[in-house]
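Q: Protein chains in written order, with the working numbering: chain B, 27 to 108; chain C, 27 to 108; chain L, 8 to 748; chain H, 222 to 454.
Read the hints as simulated data drawn from the structure, not as lab findings.
Check the hints yourself; a few may be wrong.
As the list claims (entries may be wrong) - Derived, one-sided and incomplete: chain B residues facing chain C with beta-carbon distance under 8 Å:
no., residue
1, SER51
2, TYR57
3, VAL60
4, GLY66
5, CYS89
6, ASP90
7, LEU92
8, ASN95
9, PRO96
What the hints assert, rightly or not - Mimicking DSBU-like on lysine-lysine, the simulated pairs with C-alpha atoms at most 35 Å apart in a straight line are:
no., chain 1, residue 1, chain 2, residue 2
10, C, LYS83, B, LYS91
11, C, LYS31, B, LYS38
12, C, LYS50, L, LYS595
13, B, LYS91, L, LYS357
14, L, LYS421, L, LYS330
15, H, LYS376, L, LYS450
Here the structure is a predicted model, which is why all the values come from computation and not from measurement.
C-beta atoms are modelled at their ideal positions from N, C-alpha and C, and glycine is treated no differently.
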Amino acid sequence: MFQAKIYVTLRKSVLDPQGNVVRKSLFALGYDNVPEVRIGRYMVVDIEAADRDAAEKQVRDMCDKLLVNPVIEDYTFELVEV
Amino acid sequence: MFQAKIYVTLRKSVLDPQGNVVRKSLFALGYDNVPEVRIGRYMVVDIEAADRDAAEKQVRDMCDKLLVNPVIEDYTFELVEV
Amino acid sequence: MTIEAKVWREMGLTDSEYQRIVEILGRQPNYVEIGIFAVMWSEHCSYKTSKPALKTLPTEGPAILQGPGENAGIVDIGDGQAVVFKIESHNHPSAIEPYQGAATGVGGILRDIFTMGARPIAVLDSLRFGELNDPRVRYLFDGVVAGISGYGNCIGVPTVGGEVYFSDSYEDNCLVNVMCVGLIEQKDIKKGVASGVGNPVMVVGAKTGRDGIHGATFASEELSEAAAERRPAVQVGDPFMEKLLLEACLEVIKTDYVVGIQDMGAAGLTSSSCEMASRAGTGLEMDLALVPRREEGMTPYELMLSESQERMLLVVKKGSEDKVKEIFAKWDLDCVVVGQVTEDGILRLKEGEAVVAEIPAKALTDEAPLYQRPTEVPAYLAEVQNYPLEQLNLPEDYNEILLKLLASPNIASKEYVYRQYDHMVGLNTVVLPGSDAAVLRVKGTKKGIAMTTDCNGRFCYLDPKTGAAIAVAEAARNLVCSGAKPLAVTNCLNFGNPEKPEVMWTFWRCIEGMGEACRVLETPVTGGNVSLYNETKGNAVFPTPTIGMVGLVEDLDKVCTQGFKEEGDTIFLIGETLPELGGSEYLKMHFGLEKGQAPKLDLDLEKRVQQFVLSEIKSGLIKSAHDCSEGGLAVALAECCITGGLGADITMVRRFRGDALLFGESQSRIVISTPPDKGVELVKKLVDVGVPYTQLGQVAGSDLNINVVNPGCSGCGGNLVNLPVAKLEETWRGAIECLMK
Amino acid sequence: MKFGVVVFPGSNCDADCLHAIKVVTGQPAEYIWHKAGSVEGYDCIVLPGGFSYGDYLRCGAIARFSPVMAPVIEFARKGGLVLGICNGFQVLTEAGLLPGALHRNKNLSFLCHDTYLRLENNSTPFTTLGNLGSVMKVPIAHGEGNYYVDSETLKQLEENNQVVFRYCTKEGEITPEANPNGSLNNIAGICNEQGNVLGMMPHPERCAEEILGNTDGQVIFKSLLAAWQRRCG
Ligand SMILES: Nc1ncnc2c1ncn2[C@@H]1O[C@H](COP(=O)(O)OP(=O)(O)O)[C@@H](O)[C@H]1O
Ligand SMILES: [Mg+2]
Numbered sequence: 027m028f029q030a031k032i033y034v035t036l037r038k039s040v041l042d043p044q045g046n047v048v049r050k051s052l053f054a055l056g057y058d059n060v061p062e063v064r065i066g067r068y069m070v071v072d073i074e075a076a077d078r079d080a081a082e083k084q085v086r087d088m089c090d091k092l093l094v095n096p097v098i099e100d101y102t103f104e105l106v107e108v
Numbered sequence: 027m028f029q030a031k032i033y034v035t036l037r038k039s040v041l042d043p044q045g046n047v048v049r050k051s052l053f054a055l056g057y058d059n060v061p062e063v064r065i066g067r068y069m070v071v072d073i074e075a076a077d078r079d080a081a082e083k084q085v086r087d088m089c090d091k092l093l094v095n096p097v098i099e100d101y102t103f104e105l106v107e108v
Numbered sequence: 008m009t010i011e012a013k014v015w016r017e018m019g020l021t022d023s024e025y026q027r028i029v030e031i032l033g034r035q036p037n038y039v040e041i042g043i044f045a046v047m048w049s050e051h052c053s054y055k056t057s058k059p060a061l062k063t064l065p066t067e068g069p070a071i072l073q074g075p076g077e078n079a080g081i082v083d084i085g086d087g088q089a090v091v092f093k094i095e096s097h098n099h100p101s102a103i104e105p106y107q108g109a110a111t112g113v114g115g116i117l118r119d120i121f122t123m124g125a126r127p128i129a130v131l132d133s134l135r136f137g138e139l140n141d142p143r144v145r146y147l148f149d150g151v152v153a154g155i156s157g158y159g160n161c162i163g164v165p166t167v168g169g170e171v172y173f174s175d176s177y178e179d180n181c182l183v184n185v186m187c188v189g190l191i192e193q194k195d196i197k198k199g200v201a202s203g204v205g206n207p208v209m210v211v212g213a214k215t216g217r218d219g220i221h222g223a224t225f226a227s228e229e230l231s232e233a234a235a236e237r238r239p240a241v242q243v244g245d246p247f248m249e250k251l252l253l254e255a256c257l258e259v260i261k262t263d264y265v266v267g268i269q270d271m272g273a274a275g276l277t278s279s280s281c282e283m284a285s286r287a288g289t290g291l292e293m294d295l296a297l298v299p300r301r302e303e304g305m306t307p308y309e310l311m312l313s314e315s316q317e318r319m320l321l322v323v324k325k326g327s328e329d330k331v332k333e334i335f336a337k338w339d340l341d342c343v344v345v346g347q348v349t350e351d352g353i354l355r356l357k358e359g360e361a362v363v364a365e366i367p368a369k370a371l372t373d374e375a376p377l378y379q380r381p382t383e384v385p386a387y388l389a390e391v392q393n394y395p396l397e398q399l400n401l402p403e404d405y406n407e408i409l410l411k412l413l414a415s416p417n418i419a420s421k422e423y424v425y426r427q428y429d430h431m432v433g434l435n436t437v438v439l440p441g442s443d444a445a446v447l448r449v450k451g452t453k454k455g456i457a458m459t460t461d462c463n464g465r466f467c468y469l470d471p472k473t474g475a476a477i478a479v480a481e482a483a484r485n486l487v488c489s490g491a492k493p494l495a496v497t498n499c500l501n502f503g504n505p506e507k508p509e510v511m512w513t514f515w516r517c518i519e520g521m522g523e524a525c526r527v528l529e530t531p532v533t534g535g536n537v538s539l540y541n542e543t544k545g546n547a548v549f550p551t552p553t554i555g556m557v558g559l560v561e562d563l564d565k566v567c568t569q570g571f572k573e574e575g576d577t578i579f580l581i582g583e584t585l586p587e588l589g590g591s592e593y594l595k596m597h598f599g600l601e602k603g604q605a606p607k608l609d610l611d612l613e614k615r616v617q618q619f620v621l622s623e624i625k626s627g628l629i630k631s632a633h634d635c636s637e638g639g640l641a642v643a644l645a646e647c648c649i650t651g652g653l654g655a656d657i658t659m660v661r662r663f664r665g666d667a668l669l670f671g672e673s674q675s676r677i678v679i680s681t682p683p684d685k686g687v688e689l690v691k692k693l694v695d696v697g698v699p700y701t702q703l704g705q706v707a708g709s710d711l712n713i714n715v716v717n718p719g720c721s722g723c724g725g726n727l728v729n730l731p732v733a734k735l736e737e738t739w740r741g742a743i744e745c746l747m748k
Numbered sequence: 222m223k224f225g226v227v228v229f230p231g232s233n234c235d236a237d238c239l240h241a242i243k244v245v246t247g248q249p250a251e252y253i254w255h256k257a258g259s260v261e262g263y264d265c266i267v268l269p270g271g272f273s274y275g276d277y278l279r280c281g282a283i284a285r286f287s288p289v290m291a292p293v294i295e296f297a298r299k300g301g302l303v304l305g306i307c308n309g310f311q312v313l314t315e316a317g318l319l320p321g322a323l324h325r326n327k328n329l330s331f332l333c334h335d336t337y338l339r340l341e342n343n344s345t346p347f348t349t350l351g352n353l354g355s356v357m358k359v360p361i362a363h364g365e366g367n368y369y370v371d372s373e374t375l376k377q378l379e380e381n382n383q384v385v386f387r388y389c390t391k392e393g394e395i396t397p398e399a400n401p402n403g404s405l406n407n408i409a410g411i412c413n414e415q416g417n418v419l420g421m422m423p424h425p426e427r428c429a430e431e432i433l434g435n436t437d438g439q440v441i442f443k444s445l446l447a448a449w450q451r452r453c454g
């Protein structure tokens, strides 16, 4: 049994309305030392697989097929055996 | 300058509607080996601070105050100097 | 810049267009200038292909305060008030990224409305996709609906109506047309003009990023791999920013500081600046170094062509800058002076002191080449029109067919869609989605505004001219059924590649049919939007001239809905049923055929039917009204039963095929109900005005019964339909949701 | 009686609430700007629906820090009447004036349609004119109305009778099918222990006029007026 931790972020030049608003409100709360906030998704996917390679391949497939929107998002992931 | 990578997850006791739907659609795509999916937020916060401790303290404050809702969410974070 | 590189070609300009530019400027344009010309002369911005046809449409009428040419059309609704409305397509962006494509589509059309000073009161969405059995289609459908819901709900403008069609012809090119309706006091109307030499020009709202550079040119070519290659960074909508912009703009427009205002839509800063100057016959000088930006190292070229959302361009009275800034600051918005109005008619762009572009504003807006593209009758027409429908077998079981039709996604309840839209915010929605047209009240008056979008693309495919006329007629009919007088039209013309003579031919025919119908029904065209190149690998979408129409309900106590109201009421069919099966949903669903002749449309009859129904709704004789559209009379009756929660006993004389009688889609037909003791009076009036009608039966029980009698043929008659309304409803309501599971 | 309707950036039911309050109660009502430093002179504060700060991060999470919220919290602690509708409810939970949290609807999509609510507590100032156990038809319009709270607190809520509205069937039964968003115990609205703060996801202001075809929402505004009259004559 493996666990994939998938980090999905907006592509670099894609607008992040949410991040901007959070940055502004942090500023309003007195955090004037936060030049940028980017907000993405964090997914934890349990996966039963024979071995690490199989798991890794499947996770990549899932991301490309369903979990990530390649038009505006990038992703990375880590795989741990559990 | 530091960069905080904040991982926010729904607490175990809280049902994760999004995670369930994703799990189901993965299943529909033929991934019958994915017993659980949990979906949370991944935030990257740049922060100017004198030193790591100062940065760390501030990040924790921000999370407790604004970025995370302790009623339904847990969080962890990493801090890297950039 | 090396001219040999022929950069203009990558930007979508032809060599002859480039030569034209050289003549206009009397010199070689630089890179920035080529980019500016390329987007302003793109099909999307210049209408270089469609203008000749559009010129033939009727655009004037007693109620029209603003026809085509401004950001939106305006119609008078009395009491010094007016309705501002417009429809726009976001087909290509939605095909690439359904959620953001649709969301930014909503954002764009909202800006067109509040740019004029009007408060948006409603959105309608007209959507077309491939068949739902295709997972990619389901993904697009869900994404688009979520995008419209995400943006519209957030900004707090109710989405009150629209349509959804599913057909293979839209599989590779979904259509996402969004209409917005706004309300305004006529004295507050603002135009997109940059007048008053020396007046400052201000950029307001979101910072400029590298979003959607060349989006306009992108929307002017086929969706090919190659195009996908040059795909610009997808624009992400920020409805929260737009909400602030909306409130701030309406507040600042109420002051007398604003001279002119325009949103930055396609071609962003470029189109807004040169259009405002051109309309006023002035010039503009802007220092691009002053434009607030989101990303580092942005070039003048990128700043001018960026399509970052939620931005507006303002020309204000000299000296009022600070007052204006104050108002925007209150809403936490950036507002920066970037230049001023000049008298020389030149769009002059600087970066600091350096001039980076100098172009006569009018050259960009008025001097784009017009193309009389060749036309040719499509080869397919004869084949589909002459298909021998009369040879088709009659159905065994009409109950089964009716249920199948009610479950067909084109006919089934669209609740799955509109329950995802906040259609109530604003407290104006008097007739909610689910009837023929939505009706919104005008607070503080007895008036209501009715609105709808309609177009049966299949009819337009089988007979472009009649199909387009039918779209206008059906839209008007839907308004009339709600008790509203049709006022005016906005249209969204979705077609394939206009460089193909056959596509161009259907385009011209559609405009002809639309124009004719608009003249007869006295609903002038106040503007719209043209979306060409909806074509992939040689497959063009059905010609789809979507009609958005608004109407006026003079007295909200007289608004009418489609559901039957009371047991015992008498049911009539106003209009005439002909033996027509061509292009019907029944043919497609039961025989898999999208063939035959489109239904005939007699505009004079249409008008008389509508006038009759409208005046008798006002007189109180008519208690419910529902037009027959997809699925024909049987489906219309079923919908009247479902929404009314009542059954009906119907008996008809069969003069031709039973399937044509029940499921044919003859035009100009409206199912109405009237109190039992008023039937005679109604008939007398019908005879007086010479409108054909059929007495169908009465509202009764909890089943829908349809019997036919057949003079001179015993045994051919009998009961064709007998179904509990509960069963009809369950089938109709749940269908789309089931397909999406 | 004077009502104040708070306007956060992104509020979009503020005008609706103001309109409904005036039409139903005939009492004066004013907007309170989110930057306001005080709520002096108001007898009831309404936090309206909408998408304050775009609902970014979490619904209500950012609005909760608006300058006006400090005086609103103070006002509530002193027993002042505070009504949070939809996004207003979310703000109240984020601000800690009400327990629990509202997260994503179980089917993930935004839902706008009528729901039926059973009145579970008619001893609050917001509901005195309603009959216990009566069923009202009130529309919802939200994507995140799925009420959650830890089991301990839930138990207390139930024991203290703080659940004011539950989603139910037309006939008034509390069933899973009648629960549109997955809320625990079909909870649609709750009040604080003292009963002077009410949060609800459904929109009473949307069903308070004949012309809109439903007046079930009036009872809340009328009850507020009655409560105030009892207190201040
Ligand atoms: N995409 C949509 N968004 C909102 N409402 C919709 C949408 N599609 C259909 N509706 C609503 O569903 C009802 C039926 O639509 P439709 O079958 O197109 O009516 P008609 O055939 O009379 O034009 C109408 O009230 C319409 O506004
Ligand atoms: Mg209709």
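Q: Return the numbers of the hints above that this structure violates; sort them in rising order.
A: 5, 6, 8, 9, 10, 13, 14 and 15
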